[in-house]
Amino acid sequence: MIGDGGSVPDGEVDGLGERELLDLYRSLILLRKYDERSLVYHRQGRIGTYAIFWGHEAMQAGAAHALADEDWIFPAYRESAIGLLRGIPVSTVLSWWRGHPAGWWNPADYNVASICVPIGTQVPHAAGFAWGKKLKGEPTVALVFFGDGATSEGSFHEGATFAGVMRAPLVLFCNNNQWAISTPLSAQTAAPTLADKAIGYGMPGVRVDGTDVLAVYEATREAVERARAGDGPTFVEAVTYRAMPHATADDPSPYIDPERVEEAKRNECVGRYEGYLRRLGVLTEAQVDEVKDWALELMREGIQQAEAEPEPDVSLVFEHAYAEPWAALRADLAELRRILGG
Amino acid sequence: MAERFLVEAVNDALHVEMERDETVLVMGEDVGRVGGVFRATAGLRDRFGADRCVDTPLAEAGIMGAAVGLCMAGWRPVCELQYDAFSYPALDQLINHVGRYRWRTGGAMDFPLVVRMPYGGGVRAPELHDDSPETYYVHTPGVKVAIPATPADAKGLLTAAIRDPDPVVVLEPKLVYRTARGEVPEGEHVVPLGEARLVREGDDLTIVAYGAMVGVAEGAADRLADRASVEVLDVRTLKPLDEEALLASAAKTGRVVIVQEAPRTAGYGAELAAVLAEKAILDLRGPVIRVTGYDVPYPYWKLEDAYMPSVERVVDAATRLLEF
Ligand SMILES: Cc1ncc(C[n+]2csc(CCOP(=O)(O)OP(=O)(O)O)c2C)c(N)n1
Ligand SMILES: [Mg+2]
Chain P
49 MIGDGGSVPD
59 GEVDGLGERE
69 LLDLYRSLIL
79 LRKYDERSLV
89 YHRQGRIGTY
99 AIFWGHEAMQ
109 AGAAHALADE
119 DWIFPAYRES
129 AIGLLRGIPV
139 STVLSWWRGH
149 PAGWWNPADY
159 NVASICVPIG
169 TQVPHAAGFA
179 WGKKLKGEPT
189 VALVFFGDGA
199 TSEGSFHEGA
209 TFAGVMRAPL
219 VLFCNNNQWA
229 ISTPLSAQTA
239 APTLADKAIG
249 YGMPGVRVDG
259 TDVLAVYEAT
269 REAVERARAG
279 DGPTFVEAVT
289 YRAMPHATAD
299 DPSPYIDPER
309 VEEAKRNECV
319 GRYEGYLRRL
329 GVLTEAQVDE
339 VKDWALELMR
349 EGIQQAEAEP
359 EPDVSLVFEH
369 AYAEPWAALR
379 ADLAELRRIL
389 GG
Chain V
266 MAERFLVEAV
276 NDALHVEMER
286 DETVLVMGED
296 VGRVGGVFRA
306 TAGLRDRFGA
316 DRCVDTPLAE
326 AGIMGAAVGL
336 CMAGWRPVCE
346 LQYDAFSYPA
356 LDQLINHVGR
366 YRWRTGGAMD
376 FPLVVRMPYG
386 GGVRAPELHD
396 DSPETYYVHT
406 PGVKVAIPAT
416 PADAKGLLTA
426 AIRDPDPVVV
436 LEPKLVYRTA
446 RGEVPEGEHV
456 VPLGEARLVR
466 EGDDLTIVAY
476 GAMVGVAEGA
486 ADRLADRASV
496 EVLDVRTLKP
506 LDEEALLASA
516 AKTGRVVIVQ
526 EAPRTAGYGA
536 ELAAVLAEKA
546 ILDLRGPVIR
556 VTGYDVPYPY
566 WKLEDAYMPS
576 VERVVDAATR
586 LLEF
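From first to last, the protein sequence lines stand for chains P and V.
When we follow our numbering, the leftmost residue of the first sequence carries the number 49, and every step to the right adds one.
When we follow our numbering, the leftmost residue of the second sequence carries the number 266, and every step to the right adds one.
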């Protein structure tokens, strides 16, 4: 969809007017700023270990924008900040990475499920949710994010199988950044493409350039339309190359290909889209500054709010695992308070 | 002898055993190219090749199930599961096959596989990098379970596990991977499975622990030193348990505090307490007291210090018992 400003011409996407194009830009910048600032906050010791998603913004924003507000998103840790596009406060997501219970949210408030850490295990949740909505006759669609590595997990396979059999209104969105920590895609699967896997689950599989936010948007929108029309799930494989460490604790130098990293950085998705909008003449210098300042300000406020959270009370250790903590748990809390107090 | 960190001792054991026995094969997520996310398998791929130090697909049930087949094909697989909580997809294979296959062949076939994983909390990590899942493994018939607390034991127990004809799960306390440092014998070093380690002798009270909680037990013993002479027993092998060492210590001091990081209910401490109730009741001068994690999900890390058994909690329990 997005050309190179030279020999490869720009395409167009139906239904995206100037306003929608700029909204998409705002989302990309918000995610980019979140990610860049988070890395800084990590280095400053203000958040803990953090899973960097630099270069993945087009997949996240492109997919999210193709959904209606009532549609649900099931993120993995790589999409930890996807909720920002649905109104989850910056401070909430930062709190999650600060190991603070203020990082909890009610999925039903934002139609965004909790951040999922065990690989692939959110796929059956999303399949069950989409199926459940269909059973109730509601038009809701679900979209689940997962990585290339996740497609090796049993949970992915079982979730995709369910989605296919139940004809669940689900988009299985694979962030194929070609690495699972240090394991390259070539060691992950013998399939020529991940989209090829879709056929085994009885659903269409499509493959898009994950650095082209418009291509991601278009492919996801088609999948969402199919789901809403009752035609079942779609597997979307969005391809990029992970240009950053897996997370702040990772040093990729022993395994990554530095040339591919440089190429991925040159071709990164936010800059690509910015160039496109400029060529189209819908983005001015003043707008760029305004959007970036807005995003930076949100981050500043967000980290301040997160840091202003009082230290969590120890009672939170015992709350929420059960609707009604019973006597033994209350006694544990009382004993712990006595010991900590004395 | 060289001074090593605990994780380096694991690495040393793998080098020595792979050198000694060419059927030993290391497999797991990210164990090869990068040498494991904790570098426990660093250097193995360069030394022994990509066929004997294998980066597997991201599939724990696949790792565990394939290890069963590799055993049948004549290998001794040492599987790394990347973290405690990510071992759960492998439980189906572990419970239904790893622990039963020898039995199912009437004892005709050995399944000499090892599963090793970092476990436990206190490392300020995001959700699900902190679990203490030993009970699931201990509860599985047909597998043995070991947990080292020192570098020398990390090497010796892993070596014993690799040479053992039965499946052995070795849980490594990640909290002390790079803080526990000590002398580790060079070359081959075996610590037999089923033998506890008397960490320090005492007369008034025994603290029983394993893994990262041994350090907490020692801290509590220090704190109590002016009031009581405290014995510390490191279980080291959870299954088979060294009952003799446990009962001897209980008979000597008459007071036992058990420390375990995992949630309390039906945790390993309950097993130790049951053994004491069955076989040492007349030696005891007071109740067996457990200091454990709580029966709730492991909390986000701002709260983890409150969840983990602390020196203060162990001292509190010991004091109650001494004053019983
Ligand atoms: C069940 C499970 N096994 C292992 C891990 C440890 N782990 C965390 S991220 C990761 C790699 C995931 O790769 P991929 O699915 O491609 O997603 P990406 O990180 O590239 O977004 C692994 C193995 C985990 N979180 N869950
Ligand atoms: Mg990946």
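Take these hints with a grain of salt, some might be off.
To be verified - Below, computed lysine to any residue pairings styled on SDA-like, alpha-carbon distance capped at 25 Å:
1. V/K567 / P/E349
2. V/K567 / P/I100
3. V/K567 / P/A371
4. V/K567 / P/L87
5. V/K567 / P/W374
6. P/K340 / P/V330
If you're looking for bench data, these hints aren't it; they were derived computationally from the structure.
Here is what the structure says about each hint:
no., hint, in the structure
1, V/K567 / P/E349, "holds (21 Å)"
2, V/K567 / P/I100, "holds (21 Å)"
3, V/K567 / P/A371, "holds (22 Å)"
4, V/K567 / P/L87, "holds (19 Å)"
5, V/K567 / P/W374, "holds (24 Å)"
6, P/K340 / P/V330, "holds (16 Å)"
Checked against the numbered hints given earlier, the structure satisfies every one of them.
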